[in-house]
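Q: Listed here are the chains, written in short residue letters.
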Amino acid sequence: MPPAAKHVAALKAALFVVALAPLGRLVLGALAFPDWLGANPGEFIDRDTGRWTLRFLLATLAVTPLRALTGWGWLLRLRRMLGLFAFFYGVMHLSSYVAFRRVFDAAEIARDLAERPFMTAGFAALVLMVPLALTSTDAMVRRLGARHWQALHRLIYLIAPLGVLHYWFMVKRDITQPAIYAALLAVLLLWRVAAWHGRRRTARSRSPARADAGRTGPLTGV
Amino acid sequence: MLIRRANRIAHAEVTPRRIYERRREFLKLAAAGPILGAAGMLAHGAAAQEKTLGLARLEGVARSRYSTDEPLTAYRHVTTYNNFYEFGTEKDDPARRAGRMRVRPWTVAVEGEVARPRTFGIEELLAFPLEERIYRLRCVEAWSMVIPWIGFEFRHLAKLVEPTSRAKFVEFVSALQPENMPGTRLPVLEWPYVEGLRIDEAMHPLTILAVGLYGEVLPNQNGAPVRLVVPWKYGFKSAKSVVRIRFVERQPLTSWEKAAPHEYGFYSNVNPNRDHPRWSQKRERRIPDFFARRETQIFNGYGEQVASLYAGMDLAKFY
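Just so you know, the protein sequences line up as chains A and B, in that order. The first sequence begins at 1154 in our numbering and counts up one residue at a time. The second sequence begins at 595 in our numbering and counts up one residue at a time.
In case anyone wonders, no lab produced these hints; they're calculated from the structure. Worth double-checking, as some hints may not be accurate.
Said to hold, decoys possible - Here are the simulated DSS-like pairs of lysine-lysine, each with C-alpha atoms no more than 27 Å apart in a straight line:
#, chain 1, residue 1, chain 2, residue 2
1, B, Lys852, B, Lys911
2, B, Lys762, B, Lys911
3, A, Lys1325, B, Lys852
4, B, Lys876, B, Lys685
5, B, Lys685, B, Lys645
6, A, Lys1325, B, Lys876
7, B, Lys762, B, Lys852
8, A, Lys1325, B, Lys685
9, B, Lys911, A, Lys1325
If you're wondering where the values come from, they're calculated on a predicted model, not measured in any experiment.
Let the hints inform the model, and build the full structure from the sequences given.
A: Here it is, written out as structure tokens:
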């Protein structure tokens, strides 16, 4: 049985608070509890916001498979917030890099983007998220029309791999962590490929008569 | 009728007369305290006030003219944030896991192109005349610290084994205790960890074997009981927990060169003009600063002492 509207609203409010917890930890750590961020707080914030961006991207991509597996249609109502939090932490991640790591040195930032492909990949992923964030309102969905909106939001299939790639090439030597994100992403994307394949096959097997008619049509016309 | 006595002061709240009469003295002392404290720290070199792990103290440690007077990085940061891949690749892995490493008994075999190969027990190494060396440490990951090491110049040890004329390089091999070093189960690097220096780099007075930190013996996570410290090179050149030193004729192949030759060269001198292929080396974060606001210095600021070692060499090629 689908949950009542007020339950979904409560769930969304809870998700909102939970999704802000990582930011809360960083802010409290920066202002009051330095031990939380350790010896290299700038780098901690860099990495933490980057990982939360990827986690929210994966969570966004997990909604459709989870809905299909569980039948919980209301999950869809959480997806927009998950996507917007991915964008939010992505912006935090970029800001942390610009402020803490590059101390607003525009020439160095330009060099990073031009000469280091994995930096370009990360930046491109964030830039591609901008139109998705801008078109996330109900009004924009209506204005674009469902079909165009959906086509645009398929950009996430490019954004998420770019993000994981960015992480993978960033680590110095031990690729365990990025490999975990890559594996999760692969599962989420392969599920879609399998589901699409399955739909095509069902569609074909359901209309054998039409297929036969098509094949025999010309002959009978002779 | 109720009469309140408004200004009743408890006996305990009143300043005793003899303290009251010395109030000016107290104020002067309070003002002088921090100044005296700072002066005391300067006078004694290592920050005596810093809270340490309370390991065995090293006595009779001389000061050195090679020490920097920059503010020290806190002991807790030096001992909880570092790379020691034998224990894992996260910065807090060494502090969490290195306790298991066996550091006694400990010997360092010194061999190869030498007239008198010899194995030193750790007690013999601790008996060398010890000095405090407050050095900058610049990690290849673009963070830096200021660390009060205690140790002795490597050349003093080298003299005892009499390197031959064929000794052109020195190879340093770190301990490998797979049962105590969970990081060595991952194929992140080839174990044991191997580092190397050219003979003139090794014999330079800035190159030390460190046995202590902040007045005490080295904590395991920082490379106990004896490690190399080469302050003008990226931190990974300073091999930890050294068990073998070989004087050799050919340039050793180091662990990081083997793992990623285009990223980590044999020399690995700190050089803001030669970027790591994946990140800039122009700036650094001085722990625990949020911002990478320090401009990295060529040879980590030790150019005056070491630049002559590389006269005529193309540092972009020999990175």
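Q: Of the hints given before, which are not true for this structure?
A: none
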